[in-house]
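Please model the complete structure; the sequences and the hints are all you need to start from.
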Amino acid sequence: MQQESAAPVTHPIDGGDGVPPVMGPGYTFRSVSEKISSITLSRRTPRAWWLGFAFTFAFVMMLLYTIFWLLFEGVGIWGINVPIAWGFAIINFVWWIGIGHAGTLISAILLLLHQKWRTSINRFAEAMTLFAVANAGLFPLFHMGRPWFFYWLLPYPNTMRIWPQFRSPLVWDVFAVSTYGTVSLLFWYVGLIPDLATLRDRARNRFVQIVYGILAMGWRGSAHHWKRYEITYLILAALATPLVLSVHTVVSFDFSVAILPGWHSTIFPPYFVAGAIYSGFAMVLVLAIPLRTFYGLQDFITMRHLQNSAKVMLATGLIVGYGYGIEAFMAWYSGNIFEKYSQINRMFGPYAVYYWLLITTNVIIPQSLWLKSVRSNPPWLFLVSLIVLVGMWLERYVIVVTSLHRDYLPSSWGNYSPTVWDWTMFLGTIGFFFALMFLFVRLLPMISIAEMQTLLAQSKETGEVTTEGKS
Amino acid sequence: MDTNPRLYGLAAEFDSPTALVQAARSAHEAGYRRMDAYSPFPIENLPEALGFYRTRMPLLILLGGITGAVSGLALQYYCAVISYPVNVAGRPLNSWPSWIPVTFELTILIASLTAVFGLLALCGLPMPYHPLFHVPRFNRATRDAFFLCIEATDPRFDRTATKDFLSGLHPREVSEVPQ
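Going down the list, the protein sequences come from chains A and B. Counting along the first sequence from 1, when you hit position 349 you're at 349 in my numbering, and nothing is skipped either side. Counting along the second sequence from 1, when you hit position 13 you're at 1013 in my numbering, and nothing is skipped either side.
Heads up, some of the hints might be wrong.
Quick partial rundown of chain B residues pointing at chain A, CB under 8 Å, derived from the structure [what the hints assert, rightly or not]:
#1 L1050
#2 P1058
#3 A1074
#4 Q1076
#5 V1102
#6 P1128
#7 A1141
#8 T1142
Label pairs and their calculated CB-CB ranges [to be verified]:
#9 B:E1176 / A:S376: 23 to 33 Å
#10 A:R206 / B:D1164: 30 to 40 Å
#11 A:R206 / B:R1033: 31 to 41 Å
#12 B:V1088 / A:W413: 27 to 37 Å
#13 B:R1137 / A:R43: 23 to 33 Å
#14 A:W69 / B:Y1077: 58 to 68 Å
#15 B:L1063 / A:A328: 45 to 55 Å
#16 A:L443 / B:E1044: 29 to 39 Å
#17 A:R47 / B:Y1077: 54 to 64 Å
#18 B:D1164 / A:W50: 37 to 47 Å
#19 B:E1044 / A:V420: 55 to 65 Å
What the simulated footprint calls covered on chain B by chain A, stretch by stretch (three residues with Cβ under 8 Å from a Cβ of chain A suffice, anywhere in the stretch; the number is not a length) [as the list claims (entries may be wrong)]:
#20 1081-1087
#21 1105-1117
#22 1130-1139
#23 1153-1161
The set of hints was computed from the structure by calculation and includes no laboratory data. We put the CB at the ideal spot given by N, CA and C, even for glycine.
This is the structure:
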């Protein structure tokens, strides 16, 4: 019988015609659920997990030490100075927040577009978003110098009788980033509730049962609840979609509202958003490729997911490349000597090496993704993704440093070089990010069980190999 | 346990989503109204088969969004025009275009908070205890089992008649759910 729930789906789901499927064949509702939840519920923690966690945790300690020293000595331990007051703090902030954007894109925008291939990667991509936003938030917080006064940025009645300046992009940023963090957390948690109930019901250990039981809040899969749940999830996706576009737009306003040459440009919002999604998909691949191999999830995170992510990277990478081209063109076409100088200084000034590295890593190397052989080779994809992550970091370095170090008045020019504390803080946040990812894959289901079962149910209904949603 | 406990209802377990939808439809046709179905994932047409067509969630979220937009704009107007006017080279105090980003963010924020807390409120969650958790196999309702429960509060509910009715739908098993 086709619809017997115990019978496995014998065909690969949503593939065919040379397109890899979004899920391998031979799964039942039960085996999908057990395969994903047993990674979390297994009593044995793999040795490689401990090694990886210990390694990244060492970086967390380095981050904490850096923060201690930063609070003790002040932001003077960083390489920032008067013309280049932003330095690593803002470069890293923009880099991290951009990485987060792919998670929301996958979970919200692809949901609205009915892309079935989002299903197995949305959960960990959303976790990636949360952890990236948490790391991003650290930088402006500590860049303030007196982070304990961060609440001065919020509008609250106070004895000083002053209010935040709502005409400033820096205040917009506070609202955009905190809303983004909150909504990402809510979206992620709502998605987790049914799976937490699955874990509660499968757990053997009493303590584990209670913890997942509290987190699942008594979810029991009622049809009335599912109906409200589905519509709420869809509306949350519809709310998160313009939100994610607004966040990097507001981040780009931090630059483009300033009248500095090289920053004051209307191309910033679209080109920042494209860059954010570009680096975010690179991070998704950097996480997905080792995860699927290590946990044997090749049937759930298939080549289809990797290839589609590579295509999104290629498309957004081309938009970013177009952005660099237009920046150079407008510098010449505007006839503004300061704009022109700023562009020439970027390409041939003291930081030229960063600019050309950026062009190589962000525009030239990713062109290899045109080749199907690169898109369907996980190790190569992994390497290209790492290169793109470096490239997107260099982009922010070039934007922040070259525009600040030489503006209109040569008397106020300066140079920038990061100190060891800049690097320990940056590498520390990378360690923090991966340490959180390690905890996440151990403690929570990294693929949405309920959504994978829905995918299975839909394919049982049609009972045939479909190529719908092929890209 | 009491030999004849008061019942919460009768639960029938089915093997597949399709069987559950058919059972729900038959129960609705037989006149049962106070009932619910339980499944590990959302099933198309199941809420409708139970007679649950509309939810107030979209309206609630819309109201949340409107509240966010109005309060966001009002907050900025109050701060920049009434409480703390700053004269920047004679520019107008009511500079509303520059308030759009914060208004937008607050619209999304309040709408999303309403969505999540509204969902929990309408579903009556968190609810750590529920009578159905007494059904021995109910822990599989979050994995691969599909349940239909007719509640004792339904006017047509009768312990034996309803049990016979449910057994006629070819379930895997019918169990009594104690209060």
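Check your understanding: With a cut-off of 8 Å, does the beta carbon of Q1076 (chain B) approach a beta carbon of chain A closely enough for the hint to hold?
Key -> 5 Å, holds
Practice item. Have a go at the T1142 (chain B) hint: is there a Cβ in chain A nearer than 8 Å to its own Cβ? Key: 4 Å, holds
Point to revise | Outcome for the supplied range 45 to 55 Å, where the beta carbon pair is L1063 (chain B) and A328 (chain A) | key: Distance hint for L1063 (chain B), A328 (chain A) holds at roughly 49 Å.
Check your understanding: Within 58 to 68 Å or not, the Cβ separation of W69 (chain A) and Y1077 (chain B)?
Key -> Given a distance of about 43 Å, which is not inside 58 to 68 Å, the answer is violated.
Review point. Are 3 or more residues of the segment 1130-1139 of chain B near chain A, judged by a Cβ distance of less than 8 Å?
Key: n = 5 at 8 Å, threshold three: holds.
Review point. Does the interface hint hold: is L1050 (chain B) within less than 8 Å of chain A, judged Cβ to Cβ?
Key: Holds - the Cβ of L1050 (chain B) comes within 8 Å of chain A, reaching about 6 Å at its closest.
Review point. Is it true that the C-beta distance of E1044 (chain B) to V420 (chain A) lies inside 55 to 65 Å, as the hint says?
Key: Since the Cβ atoms of E1044 (chain B) and V420 (chain A) sit about 58 Å apart, the hinted range of 55 to 65 Å holds.
Exercise for review: So, V1102 (chain B) near chain A? Judge it on the closest CB pair being under 8 Å.
Suggested key: V1102 (chain B) check passes; min Cβ-Cβ to chain A is 5 Å, inside 8 Å.
Check your understanding: Measuring from the C-beta of A1141 (chain B) to each C-beta in chain A, is the shortest one below 8 Å?
Key -> 5 Å, holds
Review point. Is the gap between the beta carbons of R1137 (chain B) and R43 (chain A) within 23 to 33 Å?
Key: 24 Å, holds
Review point. Is 31 to 41 Å right for how far apart the beta carbons of R206 (chain A) and R1033 (chain B) are?
Key: Holds, since R206 (chain A) and R1033 (chain B) (Cβ atoms, about 38 Å apart) stay within the stated range.
Check your understanding: Hey, does the P1128 (chain B) contact hint survive, CB to chain A under 8 Å?
Key -> 5 Å, holds
Of the hints listed earlier, those the structure fails to meet are numbers 3, 9, 14, 18, 23, in rising order.
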